[in-house]
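One-letter residues, chain by chain:
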Amino acid sequence: MPRVSLSRLAYARSGDKGAGSNVGVVALTPEIYEFLKKSLTVSRVKEHFSKICMGPVERYEAPNLLALNFILHDSLGGGGSQSLKSDAQGKTHGLGMLYMELDVPDDLGIPDAE
Amino acid sequence: MPDSVLVANGQGFWGDSILGPVRLVNEGPLDYLTLDYLAEVTMSIMQKLKGRDPSKGYATDFVTMIRRVMPQCREKGVRIIANAGGVNPHGCREAVMATLSKMGMKGVRVGVVEGDDILEDLPRLMEGGQEFTNMDTGAPLSTVVDRVLSANVYIGAAPIVEALDDGADIVITGRATDPSLVVAPLIHEFGWNLDDYDRLAAATVAGHIVECGAQCTGGNFTGWRNVPDLARIGYPVIEAHPDGSFVVTKHSGTGGLVNRQTVTSQLVYEMGDPTRYITPDVIADFTSIELEESGLDRVSIQGIRGLAPTPTYKVSISYADGYKASGQLVIAGPDAVEKARLCAEIVFERLEMDDCHIPESQRLVEILGTNVCHAGIVPAPKEPAEVVLRIGAKGHDREAIQRFGMEIVPLVTSGPPGVTGFAGGRPKATEVIGYWPALIDKSLITTRVTVEEVS
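Taken in sequence, the protein lines are chains A and B.
Here the first sequence stands for residues 1 to 114, where the numbers follow my numbering.
Here the second sequence stands for residues 1 to 455, where the numbers follow my numbering.
These are calculated hints, taken from the structure and not from any lab test.
No experiment lies behind these values; they were computed from the predicted model shown.
Be aware that a few hints might be false.
Taking lysine-lysine pairs in the DSSO-like style, the calculated list, with each CA pair at most 27 angstroms apart, reads [to be verified]:
(1) A/85 / B/48
(2) B/382 / A/91
(3) B/314 / B/50
(4) A/51 / B/56
(5) B/106 / B/56
(6) B/102 / B/56
(7) A/91 / B/314
(8) A/91 / B/428
Let the hints inform the model, and build the full structure from the sequences given.
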């Protein structure tokens, strides 16, 4: 099982949602989406953002978009204008997600980087 | 009925580049130009501006922009819809009409949608039993009511349609919901019924895709290396059809990229439950969206389903919630990180010496360059050659926050060596604006539409 960075498997975008952020992860292929549905569990994501997300993590699925949507509650150091953080809106959480390393099956079929 | 209508969005927020709308009206065909100026806390800023000068309280950038784009809009017949009115849509119209009059633009019709601003009505509504329970925390508004700065209802497409039906060339609204700026012209052009929920949902999805401007045409895209010519990025254009299907595209010859991935990236932006995207017009089901790449920089979308909207409007309330200040210093190596930590400790120790107590939970110390944004995810670099120390404090005692701001710059001469970059001077205490989302019965809100002509 090769270990690869999520950045080779998906795109991501994030933004603020109240005192939390949302991170949308968009898989490159339907096969990768099925794999991510199994590996990007709520507990895995919560652990990945353990220094950033102080509340629970929620997950939604949008198979038609090959997308998983995560809500990271209490991840901005207070909501919107109350936060003192540089990234008060969670704009960088999507890229943070893409740093995740995953053990992928040999036959997953990862598209070449263009 | 037209076969297709072209709707673009040239402004993703107050502060977006003026090149967006200016280039949209110059570089290709267009029927409607929408402009989104409002974020959650924008209304409170506008309320403050209005407090200082009753003729202000709207997005003044919009007036500048009208001056730049109106000649081309008139020539091409492009109509403009903008939530630039803030807390003073009337004042905004007066300024726009004065500008148009000076430009000799006789006959241009300017519509205003009102009724979203319920600040003055709050006491009456609360006496009538409306609690305005905070949707995030469950607390009733009575806990902060004496500190409320603004209160605006997110209104939908219907009153904008009314203004367009009345021949408005420009429609100015207050807190209209972002996607409704796109939904309205499609209802007006295609004659859709307000209970045609699938089509309204489709238009809402189109509006959501373009509401952040260039974020769907290659901006803020994690595949950024594949995006050509970001400097000349084209703002999005929706080519909408009467059956609710539409194409996301941009004018040919512009930079950026429209493909499945750039559009999907924007679809998931600010997403909650994808099966229930709620606006005043409809509940759109994002899991019904069918996307297909249909040409160079073209993504075709169809199949969207919608449900009847909820009986409530969302209300955006802002309130004064104390003060904050933050400042930064550049710390050069060697030992940049160690010295930055020491600097932060010194600041708070000196404040204590002067009886200024800022609890740890109200402080922020960030050493930028040591992986602040992705803490715990990737390791920090061992010994960065230099760092930026960002230090902040918040609280309800304005004096204490102001006092804090005075203790940062002195580190240049009284701290460890290599401290510089204090060009911003002393940070001042600024008001923290709290955001209070709530709901209100739709039956309690009445919108008003008026259209006037430039003479």
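Restraint check for residue 106 of chain B with residue 56 of chain B, where alpha carbons must lie at most 27 angstroms apart: Holds: residue 106 of chain B and residue 56 of chain B sit about 24 angstroms apart, inside 27 angstroms.
Restraint check for residue 85 of chain A with residue 48 of chain B, where alpha carbons must lie at most 27 angstroms apart: This hinted pair holds, its Cα atoms lying about 24 angstroms apart.
Pair hint residue 382 of chain B and residue 91 of chain A, alpha-carbon separation not exceeding 27 angstroms: OK: residue 382 of chain B and residue 91 of chain A at ~25 angstroms, within 27 angstroms.
Given pair status - residue 428 of chain B, residue 91 of chain A, alpha carbons within 27 angstroms: Cα-Cα ~25 angstroms, so holds.
Restraint status (C-alpha distance of residue 51 of chain A to residue 56 of chain B at most 27 angstroms): With a Cα-Cα distance of about 43 angstroms, the restraint between residue 51 of chain A and residue 56 of chain B is violated, given a limit of 27 angstroms.
Given pair status - residue 314 of chain B, residue 91 of chain A, alpha carbons within 27 angstroms: Distance of about 24 angstroms is within 27 angstroms: holds.
Residue 314 of chain B paired with residue 50 of chain B [C-alpha distance capped at 27 angstroms]: 23 angstroms, holds
Holds or violated: residue 102 of chain B to residue 56 of chain B, with C-alpha atoms at most 27 angstroms apart: 20 angstroms, holds
Checked against the numbered hints given earlier, the structure breaks only hint 4 and satisfies all the rest.
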